[in-house]
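From just these sequences and the hints, can you work out the full model?
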Amino acid sequence: MPSNMELRRISATPSPATGVRTAPTVAKMIDTTTCIGCKACEVACQEWNDLFNADIALEAPSEFGSYQTMPDLTANFWNLIRFNEHVEKRPDGSEKFHWLMAKDQCMHCEDPGCLKACPAPGAIVQYTNGVVDFQQEHCIGCEYCVTGCPFDIPRLSKKTKKVYKCTLCTDRLAYGLEPACIKACPTGCLQFGTKEHLVQIANARVEQLKHNGYEKAAIYDPPGVGGTGVIYVLGLGDQPELYGLPNDPHVPWTVSVWKHALKPIGSLLMIGALLGTIIHYVRYGRNEAPGMRKVDREEV
Amino acid sequence: MSQEVMTQSQLATLAREKEDLAVDGLIVRHTAAVRLTHWLVAIFFFLSLFTGFVIFTPFFAGWASVFGGGPMVRTLHPWFALGFTIAILYLYRYWKMKMKKEAGDEEWKDNFGPYIRYESELQNVGKYNAGQKIYFWAVFWGAIAFLASGIVMWFPTVFPYFLRTISYWLHEITFVAFVIGIIYHIYMSTTAMPGTFRAMTRGTVTKDWAKWHHPRWYREVTGEKK
Amino acid sequence: MTNNWVDIKNADVILVMGGNPAENHPCGFKWAIEAKKTRNAKLICVDPRFNRTAAVSDQFVQIRSGTDIAFLAGVMNYMLTNNRIHKEYVANYTNAPFLIKEGLLLPGDNDGLFSGFDPQKRAYDKSTWAYEMGTDNFVKVDMTLEDPRCVFQLMKKHYSRYTAEMVASICGCSKEDFLKAAEMISSTYAPEKAGTIMYALGWTHHSSAVQNIRAAASMQLLLGNVGRPGGGVNALRGHSNIQGATDMNQTHTLPGYLKMPKPEWQSLKEFIDATTPKKLRPNSMNYWENTDKFMVSMLKAFWGSAATTENDFAYSWLPKMDRDYSWVYIYDGAYNGIVKGVFSFGMNPVGNGPHSKKMVQALSRLDWLVVAENFETETASFWKAPKEYDPPAAAQIKTEVFMLPAANFAEKDGVFTNSSRWLQWKWKVVDPPGDAKADQEIIGRLVLKLRELYNKEGGKLPDPVVKMAWNYSNPVSPNLEEVAKEVNGKVLEDFTDEKTKVDYKKGQQVPGYAVLRADGKTLSGNWLHSGYYTEAGNLAMRRNPVDDSGGLGAYHNWAFNWPANRRIMYNRASADLNGKPWDPKRPGIWWNGEKWVGDVPDYKPDYKPEEMIGPFIMNPEGVGKLYAVEMNEGPFPEHYEPYETPVDNPLHPKVSSNPVTKLFKTKMDVYGTRDKFPIVCTTFRLTEHFHYWTKHEAILNQLQQEFFVEIPEELAKEKGIKHGDRVKVSSARGSVEGKAMVTKRIRPLKVAGQTVWQIGFPIHWGYAGKSVGPLANTLTPTALDPNSSTPEYKAFLVSLDKA
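Residue numbers (numbering that gives the first Met the number 0), protein chains in the order written: chain A, 0 to 299; chain B, 0 to 225; chain C, 0 to 802.
One thing to keep in mind: the hints can contain errors.
[Unchecked claim] Just the calculated beta-carbon pair ranges, DEER-fashion: (1) A203/A <-> L81/B: 57 to 63 Å; (2) N577/C <-> N246/A: 56 to 62 Å; (3) D91/A <-> N577/C: 44 to 50 Å; (4) K174/C <-> H85/A: 23 to 29 Å; (5) D91/A <-> N81/C: 20 to 26 Å; (6) Q199/A <-> G68/B: 32 to 38 Å; (7) D71/A <-> A394/C: 46 to 52 Å; (8) F196/B <-> P289/A: 14 to 20 Å; (9) A129/C <-> D91/A: 50 to 56 Å.
Keep in mind that the hints were calculated from the coordinates and are not lab data. Just so it is clear, CB atoms sit at the ideal spot from N, CA and C, and this is done for glycine as well.
The structure is reproduced here in structure tokens:
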């Protein structure tokens, strides 16, 4: 953890987080309507994080042939532009073709499902600025976070048996630099700043798009996970799934119930059982066969 | 050598191979193989339990160091559990016939209240009372549930999402049930009922113990009449 | 570019056609996005494929590859018939009022040909195209634009054939899409509006390449968009320094676009007389009148003190071009055994050239080949080309191949000239690995060795090499700053400038090309770059990020912008006749009562507006040309089909393709017909790769892992091809195999009433490097544009099969 960033949340840790200093929530904005799918962000991510040669490309170069670098994210490919061809049926009956490009990576949820699901103390943390980060040295590789994540982001490395994802370049943020993908983006479709500010920019852009034939333009900042640290401007805002984004993501209720109900109830039951034996013993004592000799009792 | 020593030695040999055998004041309850299997079950169960506790709740995170740290816990737990499952299967082989329902079980169940208050004087109780049988089958099916959900959790991304979440729940519920079960299992076989535990160590129990806790079995073994 | 990258942000309308900047110029394309975001500019993309640029465009029109002129002519017809032109600009700043002699026939009246065609020579006698000259030796004009012989009326007539229906029929687009685009593009006819065009190889890689750009220039002139912030015709150059390479010289020009001597110009005087244009209008500045100054200064830079008035400044040592020596002809010459040796520096002809198989054969017939490169390219390893390229058996190849490891751009200092004409100095980042040497060292060693050999052994013509000015402090590896100073120019003898009365001292760096002289007292390697390394230092090193143009993004103190640090060329046209900006919010230059201010004026700063000196000072007309006699296939752009075409030209079936296309005659120069090869194919580039270079680099190979063929969904269905299947694409010259990318991004086209299929594949692969694949140019034809000699890489016929 960079020394000047404090924690808001720590996975599987009963004690409070470390941060008392406040920090504004930071965010990344992805304006898909100005993304040209150049993949500079992919390369910047690979280079900054020293992630040369992602697994899938190496293992199966002939399995894929498209503008999209890979079918999916991997443990050493954290930033993927998804390409999708879509024919929009316009209200006037005409058809409009779209080639949609959207960058896929960790969304840095305000309410991170991965962190909620994680059983390893300190393996997933959320800094006071909202960035969710994996601390691999504490990760046990159980992949609970994979199930906990509504965006299907974390990936287990076969080599290290630990999960990885976008760190939002915490190792750059800590020194006042923007994330590498932002730095590399040539069109400015990626922007970094405080979330408050970026939401304003995104809103203005959405208004402009609405006047330019994108009646359904919208911001993607799903409330189901308390909002995200990565917000999108979507031209076809009513159909985020076209961009590979879930329509209304939540931390899965199964995970919430598991973590917030099953575990405490189960713990109570177990403690109760232990108490039960004590109470029973105190009340009823031993059930000893008549005629047992002392030696019979004590022999093991 | 005295007569007594000779008998003990003979008994130990006998207890290795045969059960339900009365010699002097003792009765052989479990053969060596059954005992060994039970202890294997116990060892793997506790290894799984303690590694499981590390993952179950951060309050036991410290135990991870006993096993070489969190990642080792994650690596070992499924293998311990696999050992547990195999041992359970052996136990099943020994006990599946013995744990069948028989006359007197219903009566025992009806008498459960007096039983835990030590007020039961049922005479039609065989080698295993209904409670023990229920416990055995619960453990058996619980192990199956552990295995099924455990495999999914071992390789979560291979399985569809809904199977994964079902497995987490199932594993969790089974875990709690097992912990409660083991607490009572141990309590009853040691503190609450003295003279029981040696059945799993020496393989023998005293005739007095047998007559008191499993009267019908006692009669069957010794040929005594009521 | 007439303007520059940053200036794109000032546009109201951006037409991207014959280019795909989002794909190939993503960093520059940010300014188009900026215009969209801040000005709500409209981006129109016209392309054979729905590409990355189309993905962020406001209007996309899919056209058949090679039909750009029809589209642009259609837009001009729309503008002319709907009166959506910038009248005042057209009348005063273009040659619209110029009269043309009687006798000119337009293709509409002459079966698709202009008058003067000689079918034997496949060339035009241009005498009927000439301007009508008055008794004063100036062109006659009709400022009312009413005379039927004036350019404007001829133009109206010429383009009237390009109706929306005709455009749709030729291009294969829908009439509605065309009209929508035409309406958007022409919206900048209003004086206060400005629109820009971004184009690249999608226009230049055709057999009507130069006419594509002429059509675009004409359209921009009609809209009054040239010379203005947010306007212009902007060529997006494909390499980081290709603009610099073009400025420095090509086979048909000398540095600074001076013409290459011909055998008939044996003396310097003959050369100057032939290449210095005469004023065509009294109010034309005709800046090329200074050709002699630029030429002599250049010769002085070449041969220094050996260039004297007595020996015509060594003019006789320059080669005289008796024929076309451009790129494809070099290798055709090698194929025919005329060219014996080739130096290939930073160039991979087997990859770049059309018809890869012929290239391999051509190189096999050389005596020697020297390749200076970062990697062992296809060219360096042509002798081990895979069997698909039908190479001769390696044992039979007599070519001696020398591979010189060369430093790459980051391993040496130097200057890059980008599309904006900015000369930007760059600094070495790392030392070259191993034995690799910087280009100047490779050349320096060659020069010294050649001199040594000439001195020892003599030779037919040793002087050009032996007497070359090579006065660098380290002749083995010249310091590039010294070279830069030489390019800029310096004073050789004291003199006083006659006009400005300023004294110049010997040894001083010249402040700009205006002081260059024809008497040998100055030298300058390239007059156009003059001004970048003055007494003030190396201005290409400037990195002042302050925008001194009030938000227009001119950045006059960033690097050096040729010519004369001018950010927008022809900027006199940004103001009206009185010197007031057409759009006060986006002024280029304006008359402040005493002089022209704003950008560096492309004009004499003290010309008064009332003098009415033409704003296009490099043209002898003094105005922009809607009608250009220089072109080889006609003074107006006319739609001709690509040389390999799927249909007869709907305008004139008898003259389908460009009648003066340059072709080759060896037995390998074969051309396909539509019966065997019914599908239109185009080539393109990918953001992920750079030419044939990055396939040597693992991380970029990861981004685009293999060669693929883009196939329309409907065609794939018809052929039973699924996404990911292997397919074979064949032309008359060869075939390539790759993975099918079935896509909605290319649609079937309705051309002249029939369905025409279009497919495409990227270049970037080859048999050398870490990621191997077929060379796209295995399929491309040896048919060249008659003006620029650029091959028609972007439109040819193929057949498609499942492999």
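(message) Are any of the numbered hints broken by this structure? If so, which, sorted upward?
(response) Checked against the structure, the only hint that fails is number 6, while the rest are satisfied.
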